[in-house]
Structure formats: C-alpha cells, structure tokens
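Engineer: Residue numbers (our numbering), protein chains in the order written: chain V, 22 to 356; chain H, 22 to 356.
Worth double-checking, as some hints may not be accurate.
The list cannot tell twin chains apart, which means a pair is met if one copy fits it or any two copies do.
Under the rule of at most 27 Å between Cα atoms (straight-line distance), these lysine-lysine pairs were calculated in the DSSO-like manner [unchecked claim]:
id, residue 1, residue 2
1, 79, 121
2, 63, 121
3, 79, 46
4, 63, 46
5, 52, 63
Since the hints were made in silico from the structure, they are not lab data.
There are 2 protein chains.
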Amino acid sequence: MVTINDVANAAGVAPSTVSYVISGKRSISPKTRRLVEDSIRKLGYHPHAGARALASSKTNVLALVVPLRTDLNVAVVMEFVASAVTAARAHDHDLLLLTKDEGPAALQRVASSAIADALMVMDVETADPRVPMLLALDLPVVLIGVPDHPAGLSCVDLDFTAAGSACVAHLAELGHRSIALIGPSPAVYRRGTSYATRFLRGFDEATKARDVRAESRACAHSYEAVSACLDDLLAADPGLTALVVHNEAVLPGLLSDLRHRGLRVPEDISVIAVCPDSMAEQHAVALTNVAIPAEEVGTQAVEMTMRRLAGHTTPEVRLLGPRLTRRESTAAPHA
Amino acid sequence: MVTINDVANAAGVAPSTVSYVISGKRSISPKTRRLVEDSIRKLGYHPHAGARALASSKTNVLALVVPLRTDLNVAVVMEFVASAVTAARAHDHDLLLLTKDEGPAALQRVASSAIADALMVMDVETADPRVPMLLALDLPVVLIGVPDHPAGLSCVDLDFTAAGSACVAHLAELGHRSIALIGPSPAVYRRGTSYATRFLRGFDEATKARDVRAESRACAHSYEAVSACLDDLLAADPGLTALVVHNEAVLPGLLSDLRHRGLRVPEDISVIAVCPDSMAEQHAVALTNVAIPAEEVGTQAVEMTMRRLAGHTTPEVRLLGPRLTRRESTAAPHA
DNA sequence: TGCCATCGTCGATGCGCTTCGACACACCGA
DNA sequence: TCGGTGTGTCGAAGCGCATCGACGATGGCA
Numbered sequence: 022m023v024t025i026n027d028v029a030n031a032a033g034v035a036p037s038t039v040s041y042v043i044s045g046k047r048s049i050s051p052k053t054r055r056l057v058e059d060s061i062r063k064l065g066y067h068p069h070a071g072a073r074a075l076a077s078s079k080t081n082v083l084a085l086v087v088p089l090r091t092d093l094n095v096a097v098v099m100e101f102v103a104s105a106v107t108a109a110r111a112h113d114h115d116l117l118l119l120t121k122d123e124g125p126a127a128l129q130r131v132a133s134s135a136i137a138d139a140l141m142v143m144d145v146e147t148a149d150p151r152v153p154m155l156l157a158l159d160l161p162v163v164l165i166g167v168p169d170h171p172a173g174l175s176c177v178d179l180d181f182t183a184a185g186s187a188c189v190a191h192l193a194e195l196g197h198r199s200i201a202l203i204g205p206s207p208a209v210y211r212r213g214t215s216y217a218t219r220f221l222r223g224f225d226e227a228t229k230a231r232d233v234r235a236e237s238r239a240c241a242h243s244y245e246a247v248s249a250c251l252d253d254l255l256a257a258d259p260g261l262t263a264l265v266v267h268n269e270a271v272l273p274g275l276l277s278d279l280r281h282r283g284l285r286v287p288e289d290i291s292v293i294a295v296c297p298d299s300m301a302e303q304h305a306v307a308l309t310n311v312a313i314p315a316e317e318v319g320t321q322a323v324e325m326t327m328r329r330l331a332g333h334t335t336p337e338v339r340l341l342g343p344r345l346t347r348r349e350s351t352a353a354p355h356a
Numbered sequence: 022m023v024t025i026n027d028v029a030n031a032a033g034v035a036p037s038t039v040s041y042v043i044s045g046k047r048s049i050s051p052k053t054r055r056l057v058e059d060s061i062r063k064l065g066y067h068p069h070a071g072a073r074a075l076a077s078s079k080t081n082v083l084a085l086v087v088p089l090r091t092d093l094n095v096a097v098v099m100e101f102v103a104s105a106v107t108a109a110r111a112h113d114h115d116l117l118l119l120t121k122d123e124g125p126a127a128l129q130r131v132a133s134s135a136i137a138d139a140l141m142v143m144d145v146e147t148a149d150p151r152v153p154m155l156l157a158l159d160l161p162v163v164l165i166g167v168p169d170h171p172a173g174l175s176c177v178d179l180d181f182t183a184a185g186s187a188c189v190a191h192l193a194e195l196g197h198r199s200i201a202l203i204g205p206s207p208a209v210y211r212r213g214t215s216y217a218t219r220f221l222r223g224f225d226e227a228t229k230a231r232d233v234r235a236e237s238r239a240c241a242h243s244y245e246a247v248s249a250c251l252d253d254l255l256a257a258d259p260g261l262t263a264l265v266v267h268n269e270a271v272l273p274g275l276l277s278d279l280r281h282r283g284l285r286v287p288e289d290i291s292v293i294a295v296c297p298d299s300m301a302e303q304h305a306v307a308l309t310n311v312a313i314p315a316e317e318v319g320t321q322a323v324e325m326t327m328r329r330l331a332g333h334t335t336p337e338v339r340l341l342g343p344r345l346t347r348r349e350s351t352a353a354p355h356a
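Sequences and hints are given; from them, build the entire structure.
Structural biologist: Have a look at this one:
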C-alpha cells in the first residue's frame, strides 16, 4: 500500500506538505506542488479512507435510505438513485445504500459509527416515525418527500399537490366534467406515504374548486385489481370520461383492460398518468403525463446535502413544480 | 461521541477487553462480558468505522458496480440490488454503490483507498475491459455475468444459454416449428453484454438441434421499434407461430401491437418472456416466462463474496438453472 | 506445599492521516 | 542595517481502534 509517507519521501518533502497539497488548505509553492503531484501520480497514491475519516471526521460518504419494495415504483426509485450517485460523485462523495426495512436503528448505527457524513431518506410518510430520531442525529439530513412536520429537516420532492391539481386542470379545460383518480395500492395510503396523500389532496381540491364530479380509488397492481377497480368506477359513475392514474405499475394492465372493454383512448376515455416520461412514451397510445422528475429530485437532494455539509445550516423545503406533457391519450370528451 | 475508552471506564475494564468482548477473538469471563455489554448498551456505543478500518484493514463494506441506464432492466437491477444489500446486512456489511460509467478508474480508487473489502460487478461484457484490472486488484471480486475469460474471478448468473434452450424446448414441445427471438436493443449486443449473447447462443443451438425455423432480432424499446421489428419478422416468416422475448421493456408495447394486428395470444401466436415473475403476471394474458432470479443471484453474489473474504480463495463460477413457468401465453399452434 | 499450565485481563504500539503551532527564509520599509 | 511581516514548509500530536506480548490469578497435580 502506498502511503502519504511514500509520497513525501519520493517528493522530498514532509508528509504534512503532501496533505496540504491535496487539501489545498495552505498555500504551497508551485515548485513543491508540482513535485508532489508528480509523485502522487507516479506512485498511484490514494489516501486511505479510514485514516482520513479518523483524522478529519469526514468520510466523504452519503448514506441513502431507499424503500426496497421491488414491486412498486422501481423505475422512479432507480432513476433517483442513479442521479443521486452521479451527483454525489461530482462532489467527490460516495453513496452508501441503506434500506428502509432496517428501520431507525440503522440510522443510529450509521450516524454513531461515523460511516457517512449525511443522510438522504426516501419514501417518507406523513407522520414518519423516523423524523424525531433524524432530528436528534446532528447529521445533515435531507428527506425526499415531505412529512407533516418536517421540523428542522430539509425536504425536496415533486409538488404532488400541484401535480394533482394540474391533472384536473388539464382535463377540466378539455371539457371533462366527470373524472376518476386511480391511485397507488391501499397499502401505500395506509402507510400514509407522503406523495400519495399529497397528490390526492391536490386532486380533491381541484375537482371541488372546478365543480367536477370526482371519484378516487386505491388500486393494487394486479390485473384483477385493476379490472375490479374499473368495474367499480364505471358503476359508480357511468358518465366517466377521464382517468387520472397515479400508479405506474398499473398502466399496462389498465390500457389493456380499457381496450377489452371497447373503450378507446382518448376517443371514449382520456387517460393522464403520473409517471416518468420514458414510460409515457412506451405505450401504443403515448400518454399525456405529469412527469416524476426523479433525476432532478436526486440531484437536488445531493446539492442540498452538500450545502448543509458546507455549513449552510438553515433547512430548506423545495417543491419542484409539475410539468405536464400533452400527448395522445387526452382529448375533449364526446358530447 | 462515545469511544471504546468510555465503555471501558464505565465497565471498569481496559479498552482492549472491550474490543475482545466485541470481536470474540479472546475468551472473556461471563461476568466481564456482561459488564461490558451492559455499558455498551447503556452508552449506545458504536465503534468508529474509520478507526476500525484503519486498525484492522477491514471496512465491512462491499462495493457494487451497477449499470445506470435507467431505461433498461430497471426491475431486474433493482431487485438484484435489493437482495444484495439485504444479504450484505445479514453479514454485517454495508453496500457502497458505484456506477459503471465511472469506468475502471473508480475500481482502482475504491481498492486503493480501502473504501471497501470486496467488489461485485454487474453488467459484465463478454470481453470486459475491466476484467484485467480487477484481476490485478487483489480484492475479492465477484462478477454478475460471465465474461469469455473469467480467469481467476468468481462469477454468478442465470444460465442464459440454458434459458434460451429452455424457451425453444417449451415451444417445440408444444409443436411450434417456426419461432422468433426478440432480443435486447442493438446497443446491448454491440457492447457484447454477456447475458444477451449467451441467451442468443442457447436459442440458436436449440433451434438448430430441433430443426426449428428461427429468426432473431435486436429490438430497441420504443413502440415504433417494436412494431417495425414485428413487421420485419412476419415478412421474413409469415408462418411464424411463437415469439421468445428477451427484452422486458418491450412487453407492453409488443402485446398491444399484436392485438392491433388482430393476433391473439396464445391462439394465433405464443409468447414466452424472459422476465421477473411479477412482470409476467402483470399483463392481461399472464405470460409464460423464464424467470430472471435476480434475488437469488444477488444473494449468491454476496455469499460468494463473504466466502472469499473468509479466506476461501478458489474462484467459483455458479450458473443458476432456468425456471420456466407456464402461464396463459403459450399454447400449441393451430394447424 | 510447591510448581506449572491455563485462563482472563491489561498496556503499549501503530494503523495513515489531518491539523496546529513553530520555524526558516525572503522581502519590505524605515 | 535592522525589525517586522508574510509565505511556505516542517514536526509532532492525536483521531479510535485492533492486536500482540506480557502478566497476575487460579486451579490441578505431584
């Protein structure tokens, strides 16, 4: 193993000088700098992460807590993780993966073992039991999602309330007077998952404000559940002309089922989805959608974290405005 | 911060004794053990990861290199990551996420900074440029996928060659004499991605051995590409009665398109997919599939890694046998 | 009763790095 | 010419832990 001493010897300087060349915390003459940098390159020196962490109490590692239900949301979670790790590397940090399943204890462990410098937490619930513990942690924490009482924690997410309203607005402007929301599975609502309840709120407020007839249902993602959900909605409101789908997993089955029923999209029924753009474009009828900006959220989460690490102490709550893209699946209802 | 000294003082023993209680590397009297464990619990002591790494040259971290093309394979990658992190935690290790994009340099960095104890590498190519470097690394390395020359590296994966054969065998036994393979996008083949070429080989061998008429196409995952691909296949062989789909992303579009063409599944055309079970069950016509056992591969990869870390030095190559589940999408062809 | 082996505990050392205070030297103005 | 002010470099200390050799106590056996 190549150590800082080896580099120092090779360059004919003191180890501390090498350290200062690397960190830039003291001024170094151009001559010495060149000498040291050459030695570093020649020897292939990389500082020992553990030693560095021990001496400086900084690990250059960010911990990310992800939900590991592999049946749900995968595309979004994956995209988020991808952008987070990329953004973290851009700031010379690595990403450590934790699972929600391990619960609060894992957060304690990571914090008090000094494994990571900061925490990013996904899949936040409205009354998330982890929030109090996170507050006590005195590590920078950024939540992806917004709990009811973020207290002193930073948050970033799509503005799902606005997204819910935007869907309704789009449909209402096309002339729809009777629409339904197909939401995530009942379990998601039961857990009080932040984005689900916020979206529903936006949907409800907007339909009320515009005096649009509205129904909403939680929907599991099996084909049978989708089909039953549609039965139910059409029975409750035979005049239904539009669907808002806040449940990506359900889309293929839903579109199949609509066709089975002889309902054409968008001629007989309009469909607007909340999903990544790539998914919206993947279907035979390209879907009008509100994009889930997983990539931007991931990047923002990292940026906010880095800001906290740099000493920026006031927590921020950042809600990204929804972006609705009109494609082929929405149209004015037939008379 | 609570240190080992604090615990030692609280328990009235020497720091080294606390260390031995934790590691179990020397025998400790029951009385002392209880004393120490109580103090640990009372103080909420967690060893400092950096200090531990420095003193013992072990980090208890596994690095996982994932491909971050978020458009492809997401479900499989996600499931794999999920099981890997869970398995790693079961062995008291954490998981660090690296991206393939960073290339070989990232592997060097991680190895020589002693950030992780071992590497697991996904998305291996037949002639993967990372292999030589990984060999030189003197860290345990486990590949997910099998390159042409694994040399001294451990590998684990689904036996895609057998999977390709199994698909053909199933269809042939149903009586199909003319089948086509819809594979991953051209870019995947161009990169020489291990699983794509191995599956194709199994498909080719089996169709030849059984004297079945066969076509195969790479297929991008846009709806247009799928449609064009089907046009092409049906033109090349109007008597086509079955499709093998080794491209999960394409399934929703493909099934839509078949219906548009008036081709019923399985009455007019059989479809067998290589995809996770959850995805197979999600469609209106439940799909016969060969499962991608991402979860088992992830677990196995970790187990193999732990074995290497425990001193088990001979590299293993482990290919998991394919599991084909018959559902509704395959049937005997009509005369 | 005395000796030796065994078991359990302790103290010291060093892992590789950052950081702080000290210091040598050059340069400026008086 | 001399004191003063930076600038660039050095040496030492210490971060928290694992590990090794040493050592005291205990018990068995002769």
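Engineer: All hints are to be evaluated individually against the structure, with a verdict given for each.
Structural biologist: Consistency of the hints with the structure:
1. For the homomeric pair residue 79 and residue 121, the shortest alpha-carbon distances inside one copy (24 Å) and between copies (25 Å) are both at most 27 Å.
2. Taking the shortest Cα distances, residue 63 and residue 121 sit within 27 Å of each other only across copies (25 Å), while inside one copy they are farther apart (43 Å).
3. Within a single copy, residue 79 and residue 46 get their C-alpha atoms as close as 15 Å, which meets the 27 Å cut-off; across copies the closest is 29 Å, which misses it.
4. Taking the closest pair of Cα atoms, residue 63 and residue 46 come within 27 Å of each other only inside a single copy of the chain (23 Å); across copies the shortest separation is 39 Å, beyond that limit.
5. In this assembly of identical chains, residue 52 and residue 63 lie within 27 Å of each other by CA distance solely inside one copy; the values are 17 Å within and 54 Å between copies.
Consistency note: the structure conflicts with none of the earlier hints.
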